[in-house]
Amino acid sequence: MVDIESKAHQTVPPAEVDEVELYHATSFWTKYVFSQDAKIIAIQYSCVAIGIGLVALVLSSLIRLQLGFPDMFDFITAETYYQFVTMHGMIMVVYLLTALFLGGFGNYLIPLMVGARDMVFPYVNMLSFWIYFLAVIVLVASFFVPGGPTGAGWTLYPPQAILSGTPGGTGLGIILMLLSLALFIVGFTMGGLNYVITVLQGRTRGMTMMRLPLTIWGIFTATVLALLAFPALLVATIMMLFDRLLGTSFFMPSLVEFGEQLSYGGGSPILFQHLFWFFGHPEVYIVALPAFGIVSDLISTHARKNIFGYRMMVWAIVGIGALSFIVWAHHMYVSGMHPYFGFFFATTTLIIAVPTALKVYNWVLTLWNGNIHLTTPMLFSLGFLVTFLNGGLTGLFLGNVIVDIPLSDTMFVVAHFHMVMGVAPIMVIMGAIYHWYPKMTGRMLDEQMGKIHFWVTFVGSYLIFFPMHYVGLVGVPRRYPELGDSAFIPESVATLNSFISVAAFVVGFAQVLFIYNLISSLRNGQLAGHNPWRATTLEWQTPQTPPGHGNFDELPLVYRWPYDYSVPGAPEDFLAQNDPGQGPVK
Amino acid sequence: MTVVLIFLMGVLGTSLWWLKHQSLTSKPWLETGLDNIENGTASVGLSKSKMGLIVFLAVVGMLFTLFFSGHFMRQEIEDWRSMPLPPVVWINGILLLAASIYLQAALIIARKQNRDLSYLSPIYRRLIFLRGDESSDASIKHLLLYTCVLTTAFLIGQFVAWKTVANDGFVLSGNPANSFFYVLTGLHALHILGGLIALFQTTAISWNYPESEKLLSRIDLSALYWHFLFFIWCIMIFVMLGWTYDPLIELCQRVIA
Ligand code: HEM
Ligand SMILES: [Cu+2]
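Protein sequences appear in the order of chains F and U.
Mapping to the numbering used here: the first sequence position 467 is 467, numbers consecutive.
Mapping to the numbering used here: the second sequence position 43 is 1043, numbers consecutive.
Read the hints as simulated data drawn from the structure, not as lab findings.
Beta carbons are placed, not taken as given, at the ideal position from N, Cα and C, and that holds for glycine.
Watch out, some of these pointers could steer you wrong.
[To be verified] For each label pair, taking beta carbons as the anchor points, the in silico distance ranges come out as:
| id | chain 1 | residue 1 | chain 2 | residue 2 | range |
| --- | --- | --- | --- | --- | --- |
| 1 | F | P546 | U | K1020 | 35 to 43 Å |
| 2 | U | K1112 | F | L54 | 52 to 60 Å |
| 3 | F | V58 | U | N1208 | 49 to 57 Å |
| 4 | F | I519 | U | V1160 | 44 to 52 Å |
| 5 | U | I1197 | F | P253 | 50 to 58 Å |
| 6 | U | I1054 | F | T77 | 29 to 37 Å |
| 7 | U | I1006 | F | S520 | 30 to 38 Å |
| 8 | F | L396 | U | I1006 | 27 to 35 Å |
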């Protein structure tokens, strides 16, 4: 155990990190709108991401309306259904999860947790948000152009994505989608440089890499992945825009459409798939790694116990990050490939499961014999654990070529990825919001409402996605607005589909409670004090709550790792990272 | 995608090498205090902006590598007809190289402010036609100006190159080889343009406030950026000429066959 007596009385060395010159805003506009303060930017990012996420949530309800009760709603045609599905998927993955984890939590937590006054390039950081905002505007605009948004599926596979048979394919829909993605990537790169360099160069004295909270490790590694993976999507968008607008044939093979020979020829749709999934698979971990990091800190704090195997956790994060670049073709098993390649990608896919499983064991072992407080953040963390495990197991099935081929493009896949990258990260986001809201606003969220919110969301998500596995196993394909009279689909599927839809509406509606809680607690929440969860990390040790401009009065000195909970002999059951410990202080 | 993986291995290798020096094997739960930690804060010994630029260049490198990779995969398909590069491209290459050399000279002098020009070796001085009697401030601002001129000339040269090939009938949508030519050179030119705007500012600073503290770091960053883009340029020409013998692909093919 930690010997808290040791080194308790050393003289304080001079600060090693230079004081940075902070930009001081003077007017309302520069303070709250074109703000260069990472905390404000974080809140801007989060609000926009949650706002657009709610749009995606509404779209998912519309999808479920059609699947649960086909033929009942005239406004949902096959075309609009494809548009709903596409926009729902794209918004959830890119504009909600990526933006919220990295732009939202990254901006808020990195400077505070590493003990910096702000991000290293505040101006670029501000640009990053505004470009993201522009990307969202362009995306939303595509709902209102003639022909509507693209319905190509979130994977945007050519050639169909830019042909007239696909909604938005020959109109503005696909163009705006591609433009919006390109903007998003540019904006993200600006922010991403900030997150990486702040972790590398902005840490305060004593904060070694191995004293960083796992939240920061997760966000940091995910940002590195994103910086390297998003260019692949950018290349794909640029080339597709050229194909669509200027008649090149990067991706477009020669085609006859409605009896008319198109001017395209020779292009390779497979090339697009390689580029897309070279981005697409790391994207899963761009979303998962911050969730891993954050959940580690939530579990440790709310179980009052040090994280089990910190070093292993760090290695696992880095290892998963590196491995995630060599598995992309497991999304292309059905596109056809040499069997040796299939073998290679199946193997790498299964190897990733090793560090991932390791992390799950470590979370469970952290909980083991812990002093578990069933606060809302803890409940959401536990919800994440179960859901992630569930989704991870079906992932092992799908990673095998032979199992994947019959299951590919069925609702089984939809159920799998919703468990693993839909529900699980959302659980962490919710938990994290309940956890950090007190720091961001100075007030607690209502616990009672929080618990109702948790139980409805958690149980509800299971009711939605667990039966969906069975729907997939009988062979119901995904991206089909209705099933017609297919012989192999039993009557019971329709009943199950209605049931799933009702569950989805309930879950969707429960989020209203959450939003209400967020807004009403701003005023009526219980005052939080500076460290309501008695947590060790630096963001809870700021002189003001919410932290002022510049975060700290004097930059903190870091004496210990972030997981000193329940230390024997300590006056409280935790020692903050900047706590030199007891003993005669000279 | 082989080239992408090779590039990635470089980036990941560097990151892992750096991580290795972050005492990843330390036991943070046993080590309290400020002094007995092995590596202190151990931030990388580079300025924030330099570090930022390096990471940014890794991203740019990734972007171009992905395009190259697309080029390789697309050129396997039989409708590919290689396009002859216009001769002006070679002049452009020399212009960009010259810009890089001038910027490097400015950097060397700026690093040694308050010393005289003798720091530059005579050969280097002759290479860039520098008179020996200027003060270092004066030569820096002149060198920066030349760099701006040379780079602008490069961009004009690129425009001429596009015109030439278009006039010869190699239009954008004619053949994928042409498409890649326009897209790759266009993207490269955009990056140069971005750098050039920053360099204009730096040059303005060197004329108006030669004492400014920012000058050295700005020149430093620009020089790195220029060298990098020249390097990319070389590889780009290499790829577009079709010299793409790839031993790794060869090997894979043999293994599979
Ligand atoms: C209440 C929550 C949600 C419900 C009820 C829901 C429901 C659905 C449904 C029914 C589909 C269409 C399946 C098909 O016909 O192909 C779908 C697609 C999709 N969803 Fe969700 N979803 C939810 C949340 C999320 C979240 C949080 C994510 C974030 C990762 C997500 C990502 C996706 C993706 C990527 C697709 C595929 C889109 C496509 O096929 O192009 N969903 N969702
Ligand atoms: Cu994948």
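Cross-check of the supplied hints:
1. Checked against the hint of 35 to 43 Å, the C-beta distance between P546(F) and K1020(U) comes to roughly 38 Å, which is consistent with it.
2. The supplied range of 52 to 60 Å is met by K1112(U) and L54(F), whose beta-carbon atoms lie about 59 Å from each other.
3. In this structure, V58(F) and N1208(U) meet the distance hint of 49 to 57 Å, their C-beta atoms being roughly 55 Å apart.
4. A C-beta distance of roughly 60 Å is found between I519(F) and V1160(U), which places it outside the suggested range of 44 to 52 Å.
5. As the Cβ distance of I1197(U) to P253(F) is approximately 40 Å, the hint placing it in 50 to 58 Å is violated.
6. At roughly 51 Å, the beta carbons of I1054(U) and T77(F) sit outside the given window of 29 to 37 Å.
7. Remark: the range hint 30 to 38 Å for I1006(U) to S520(F) is contradicted by a beta-carbon distance near 55 Å.
8. Checked against the hint of 27 to 35 Å, the C-beta distance between L396(F) and I1006(U) comes to roughly 30 Å, which is consistent with it.
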